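Take the sequences, apply the hints, and build the full model.
If you're matching them up, the sequences are chains U and G in order.
Note that UniProt numbering has the first sequence beginning at 1, numbered continuously upward.
Note that UniProt numbering has the second sequence beginning at 1, numbered continuously upward.
In short, the hints are calculated from the structure, not lab data.
Everything numeric in this text was worked out from a predicted model, so none of it was measured.
Wrong hints could be hidden among the right ones.
Listed below are the simulated BS3-like cross-link pairs for lysine-lysine, each with C-alpha atoms no more than 25 Å apart in a straight line [claimed, not checked]:
#1 Lys71/G <-> Lys22/U
#2 Lys61/U <-> Lys71/U
#3 Lys71/U <-> Lys212/U
#4 Lys61/U <-> Lys22/G
#5 Lys22/U <-> Lys61/G
#6 Lys71/G <-> Lys212/G
#7 Lys22/G <-> Lys71/U
Take a look at the letters that make up each chain.
2 protein chains.
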Amino acid sequence: MNPLYAERMKTARRSVIRELLKLTEQPNIISFAGGLPDPDTFPREFLAQVAADEIRNNPGKTLQYTTTEGKLPLREPLSRWFAEDGMRFSPDQILITSASQQGLDLIAKVFLDPGDVVLVELPTYIGAIQAFEAMQARLVGVELEDDGMDLDRLSDAIAAARRAGQTPKLIYVVPDFQNPSGVTWSEEKRRGLVEIASREDLVIVEDMPYRKLRFTGEPVPSVASLDPEGRVVVLFTFSKVLAAGLRLGALAGPREILEKVVTMKQATDLCTSSLTQRLAVRFFQDYDVEGHMRTIRDHYRMKCHAMLRALDRYMPRREGISWTKPEGGLFLWARFPDQLDTERMLPRALDHKVAYVIGAPFFVDGTGHNTMRLSFSSATTEQLEEGVRRLGQVVEEELASLRLSQRA
Amino acid sequence: MNPLYAERMKTARRSVIRELLKLTEQPNIISFAGGLPDPDTFPREFLAQVAADEIRNNPGKTLQYTTTEGKLPLREPLSRWFAEDGMRFSPDQILITSASQQGLDLIAKVFLDPGDVVLVELPTYIGAIQAFEAMQARLVGVELEDDGMDLDRLSDAIAAARRAGQTPKLIYVVPDFQNPSGVTWSEEKRRGLVEIASREDLVIVEDMPYRKLRFTGEPVPSVASLDPEGRVVVLFTFSKVLAAGLRLGALAGPREILEKVVTMKQATDLCTSSLTQRLAVRFFQDYDVEGHMRTIRDHYRMKCHAMLRALDRYMPRREGISWTKPEGGLFLWARFPDQLDTERMLPRALDHKVAYVIGAPFFVDGTGHNTMRLSFSSATTEQLEEGVRRLGQVVEEELASLRLSQRA
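This is how it looks when you write it as C-alpha cells:
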C-alpha cells in the first residue's frame, strides 16, 4: 500500500454484499438479495409536482446553500413525528442528515478514537460496521435473541473490554425489524439496555430506519422514549418512507451531543441538499402522510406474508432450519444446520435462478456462515412464491450433497 | 467535556465566519460577507422542468439508491469537461460527491492520521481547514503571493516538518481565483508545485470550485494537467455553475486513490442523491452549457468590475492598503496597514451598514488580522458602489481613530 494512506485504510473494506449483488443481477434470477425499498412505494407524482413547484417558485430555498442544522420547517414536523411516538426531541435537537448512513459517520467522528469499543448485535447492519471501522473502532458483537440482545452477554462484554484496558463508548442497536434479521426487541430488553447504558455510562445509538414500517403486532416503545437521562441518539431516514434517492434523514439526541454533531457535519459536507429537504417539507405539509404510511405498511405486510407462506410450504422441515417472522421492515432471516455454508451454497442457488444475501458479513465475530438474509421488498407475490420454491429445492440438494460428502 | 467524546472534538471548531454572518444579516446592511453564488445564475426554469420530468418518467433512476461511484451518464460528460481543459480522467477515475466539501472529507479520511502535515496556502479555504483538522492533521501555512505559493517557503516547510519527525502528506491548493484571496497561480508556479510534490512524494489536492468562472485573462493550465505522475486529486463542485442547493460535485484522480476514496464514500453516505445527479445529467444533455457558462462569467465580470471601480474611487490611497484584481471567481481580498484589525473594525462597519468577512480565520498561522474578504457575488451593482463607498469611509475613520489612540 502507498505509504501515504492513513492507517484506517489498512482495514477498510467495501461491503462484500455490494460485490455479491452484482452476481445476482442476472436476467431471470429471482432475487431476495437486494435490500432496497420497493420503488412502487415512492409517491412519484406528488414529488414530481412539488419539485417543479418548489424550484420554480421557491428557488432561494431549493437551489441555494442552507444551514448546517437543516431546514426548520423540516425539523418541526419531524419533532412532532417523534413526539407522537413518545420521543421528546425539540427541533433544535434534530439535525438533518444525508440519510442515516451519514448519521453513523457523524456519530463515529464525534465519539470514536482508534481502539474504542462499540457494542453491536450479532448480526448487525453492515453500513454501521463500515462507519465505525472507518474511525478505527473495535466492534464487539453480542448475540441477538428473538427479543433483542442477550443482556447478560452485553454486560459481560462491556466488563471484558474494560478489563482488557479498552474503552467502551457506544452500544449500536436497530431495535425494530432489524436489518438483517427482522428481529424486534421486547420492551423489557429495551429497558434493560437503558439501565446498562446508564450504569456503564455509555451512549446508545438507536437506528430506526424501519420503525415506521410496522405492519403487524403492537408497537414497542422506542429505546429513546424509555431513556430518562438523554443518552440515546436516534437515527432516522426517509429512504423507506419517502424515497431513498433523496438521501435524506435525521439525527436526534441530547443538545450537548447535537452541538458536537453539527460541528462535524459542517466539516463533512456543509449542509444537506436544500432541494431534497424542501421535498420532504412539502411531504409533511401537503401529503396525506398517514394514508401513505398505511399504504406502505399494507404493501410490505402482503409481501412478507407471501414469503412466510412460501417458506412454510417449500422449506424443508428439518432440525436446524428456522426463520424469523418479522412484524415490520423489509427482511427476514433464515438459519440452517451448522454444516450448511450459505456462501458455498450460493452458486447452486444462482444455478436455480434464485438469490439471497449470505449472513456471515453481518457478524463481527466471524460466525453466521449458516445464515442468510431474505428481502421480501422488491419481488412480486408470484416471484416470492416461485423464488422460495426454488430456494427450498436448493437447500434440499445442498443438504443431500453434504450428507454424501460426509459419507465419502 | 464529556469523556466519551473523541480526541478530535477537543480542537474541532465551527466556522467563525458562519457565526459572524449572522451579525451581517440585518436589514439595510450591504453585505460583501456571504460567499454564496448569486442565485440569479441558477437555471431554475430548466431545473424545474427536468426535475418533474425525471421524477415522473424516470423514477427508478431518481428516487432509488444509486451506486457509490455515482451515475455513469454524469461521470462521462464530466470526463469530457475535464478533457477539454487538459485533464485526462476517464469516467472510472471520477467519483460523484455531495459537493466538494465531501471531497475534502473523503481525502482527509483516506490520507490523514493524527499529526500528519497538510501544507496549505496563507490564507486558505476554511472548509478545508475544518475537514483536515477533523482527521487531526497538523496544518502548515505557506505564504501566498500574487502568483501562487512562495515555493521556496513550501520546500522549507516540508523539510522543517520532516526534521521535526512529522509526516507531510498533502499539499492543498485552490489555484484559480482562490477563496478567499481571488489569487490565481501562474503556470510557472504550478509546474514548480508539481516538481516539489514529485520530489517529496506528496499528493496535491487541487480544489477548483471557481475554475470555470474565469471572466477575464487567459486560462492557466490546471495543476492536474501538468502532472505526469498521477499525484493530483481534483475537487470539482456544481455549486457555482449549476446550483449550490443540489450539493453535487466530483472528485477525480488516479485509479488507485479513487478506489480508496470510493471505499470511504460507501462508509460515509452510501451514495449521492440520485435525483440531484439526474438533474446534472440533464444539464449536460439538454442545456446550452456553454451559453450558460458565458452568462455566468459575464455576470460575475460585471460585478467584479463594479467593485474594483468602486474601490479605486472610494478606498483611501495610503501606504499598506491594497487589494487583489481577480480574473474570475466570487471574491477579492483587501489588505490594510498592520495596525488595522478588521475584526476590531467590524462593529464600525456594521454601524455604517456594510459588512465583510474578517481575514484572520483563513490563516492557519494566526496572522491575517489586517485583511478582509469581499464577495462581489450577491450585491447589485448599485449596492457594490454604495457598499464600497461606506467601507472606504469606515476605513478612513478607523485609521483616524488609530492615529488618535497612538498619540494618546
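Tested hints:
1. For a cut-off of 25 Å, the pair hint linking Lys71/G to Lys22/U stands: about 16 Å separates their Cα positions.
2. A hinted pair counts as satisfied when its Cα atoms are at most 25 Å apart, and Lys61/U with Lys71/U qualifies at roughly 9 Å.
3. Proximity of Lys71/U to Lys212/U is assessed by CA-CA distance (about 22 Å); at most 25 Å being required, the pair is judged to hold.
4. Between Lys61/U and Lys22/G, the direct Cα distance comes to roughly 17 Å. Compliance with the 25 Å bound is thereby established for this hinted pair.
5. With a C-alpha separation of about 17 Å, the suggested pairing of Lys22/U with Lys61/G holds against the 25 Å cut-off.
6. This hinted pair checks out: Lys71/G and Lys212/G have alpha carbons roughly 22 Å apart, not beyond 25 Å.
7. Between the alpha carbons of Lys22/G and Lys71/U the distance comes to roughly 16 Å, so the proposed pair stays at or under 25 Å and holds.
Hint compliance for this structure: no hint is broken.
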